[in-house]
Amino acid sequence: GAVVSQHPSRVICKSGTSVKIECRSLDFQATTMFWYRQFPKKSLMLMATSNEGSKATYEQGVEKDKFLINHASLTLSTLTVTSAHPEDSSFYICSASRLAGKLTGYEQYFGPGTRLTVT
Amino acid sequence: DAKTTQPTSMDCAEGRAANLPCNHSTISGNEYVYWYRQIHSQGPQYIIHGLKNNETNEMASLIITEDRKSSTLILPHATLRDTAVYYCIVSMDSNYQLIWGAGTKLIIKP
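Chains as they are written, first to last, in my numbering: chain R, 1 to 119; chain L, 1 to 110.
Only chain L is shown next, with the shape it has when bound in the complex:
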């Protein structure tokens, strides 16, 4: 079973920041938080990952709480092309298997 809990769906207005929450209260000290997204009928796309520090790249920012029991993925300026299912996964390392939950279906509205 997936070790994360995410809302089933979310809406966000185009141009606004999309904040996607994830709970992972049973995360172990050596487990990373990974975020992927999957646009309809395509393979998943890697977004970002982190261990305990906040991370930022060209796609998104990842905010991890101090106790590491939850995190938030932030898409700073959402576009229509960001409509996808977003998956939050915890794993020791992505060289190991990733267990996929149901994810959050994010719909960006014009």
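Next up, chain R with everything else stripped away, as it sits in the complex:
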């Protein structure tokens, strides 16, 4: 159980275009979903936290008008990179959390990531 999918796995787009990345929790309803980006040989950097039906909370330095997050349901969140530029090229990873139990607390599961290349 606890599978998170992302689509697409890889995307190449031209500078100035927009790209949408989907994140789905396949076998559970996610309390919260998170979006990260990761540059080569670096650790994950949190971009935003998203709860179903409410606006995402963005981390400092992340432009909310450039990285649009929509959390339409308990199993789906989307990240749209608008007016993409080459510096937006990165590995984007989503995660979803669920309550595992009263004693064990929450568990956070990650998608396989989306490799975005902007030319």
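Simulated from the structure, these hints should not be mistaken for lab results. A quick note: this is a predicted structure, and the numbers were derived from the prediction, not measured. We put the beta carbon where it would ideally sit given N, CA and C, even for glycine. There may be inaccurate statements among the hints.
To give an idea of the interface, some chain R residues facing chain L are shown, with a C-beta separation under 10 angstroms as derived from the structure [stated by the list, open to error]: (1) Ala-2; (2) Tyr-36; (3) Gln-38; (4) Met-45; (5) Thr-82; (6) Pro-86; (7) Cys-94; (8) Ser-95; (9) Glu-107; (10) Tyr-109.
The list that follows gives simulated cross-link-like pairs (lysine-lysine, DSS-like), each with its CA atoms no further than 25 angstroms apart [stated by the list, open to error]: (11) Lys-14(R) to Lys-55(R); (12) Lys-52(L) to Lys-42(R); (13) Lys-52(L) to Lys-41(R); (14) Lys-3(L) to Lys-42(R); (15) Lys-66(R) to Lys-20(R).
On the provided structure of chain R, position chain L as indicated by the hints.
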């Protein structure tokens, strides 16, 4: 900033136990210790987490010191597929954001 300190890299022979240390001297009483790993170009994989008791699951064991200021992740019989970057994270709950440090690059050698 990450609240944990881990060695940058470690080697382990295939079939042996891999012991990965983590220091978290500023951990709060309500914070859990989480371990994830990331194989190259994939999303992180949850391994195990604990509060103060030692924990074991099908993947690994987690040993937390009595003062909770450090912990050790044990992979009992390492295989080549265990080569990855291992992250130790402290957080109140993984429903909250996880702050990622640099992790330990574990290389399993034949």
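Hint check results:
Proximity of Ala-2(R) to chain L holds as hinted, the smallest CB-CB distance being about 8 angstroms (cut-off 10 angstroms). The interface hint given for Tyr-36(R) holds, since its Cβ lies 8 angstroms from the closest Cβ of chain L, which is under the 10 angstroms cut-off. With 10 angstroms as the threshold, the beta carbon of Gln-38(R) comes within range of chain L, its nearest partner Cβ sitting at about 9 angstroms, so the hint holds. Because the beta carbon of Met-45(R) sits about 8 angstroms from the nearest beta carbon in chain L, less than 10 angstroms, this interface hint is met.
Evaluation of the Thr-82(R) hint against chain L yields a violated restraint, the C-beta minimum of about 23 angstroms exceeding 10 angstroms. Among the interface hints, the one on Pro-86(R) is violated; its C-beta lies about 20 angstroms from the nearest C-beta in chain L, farther than the 10 angstroms criterion. With a cut of 10 angstroms, the hint placing Cys-94(R) at the interface with chain L holds, because the nearest CB-to-CB distance is about 8 angstroms. The beta carbon of Ser-95(R) is positioned within 10 angstroms of a beta carbon in chain L (closest approach about 8 angstroms), and the interface hint is therefore held.
Hint status for Glu-107(R) relative to chain L: holds, with the closest Cβ pair at about 6 angstroms, below 10 angstroms. Restraint check, Tyr-109(R) versus chain L: the minimum CB separation of about 6 angstroms is within 10 angstroms; hint holds. A threshold of 25 angstroms between alpha carbons decides the hint, and for Lys-14(R) with Lys-55(R) the separation of about 28 angstroms lies outside it, so the pair is violated. Among the hinted pairs, Lys-52(L) with Lys-42(R) is inconsistent with the structure: their alpha-carbon atoms are about 30 angstroms apart, more than 25 angstroms.
Pair hint Lys-52(L) plus Lys-41(R) does not hold up; C-alpha atoms about 32 angstroms apart against a cutoff of 25 angstroms. For the hint linking Lys-3(L) to Lys-42(R), the alpha-carbon distance of about 17 angstroms falls within 25 angstroms, and the restraint holds. Under the criterion of a C-alpha separation no larger than 25 angstroms, the hint pairing Lys-66(R) with Lys-20(R) is consistent with the structure, at around 12 angstroms.
Of the numbered hints stated above, those contradicted by the structure are hints 5, 6, 11, 12, 13, listed in ascending order.
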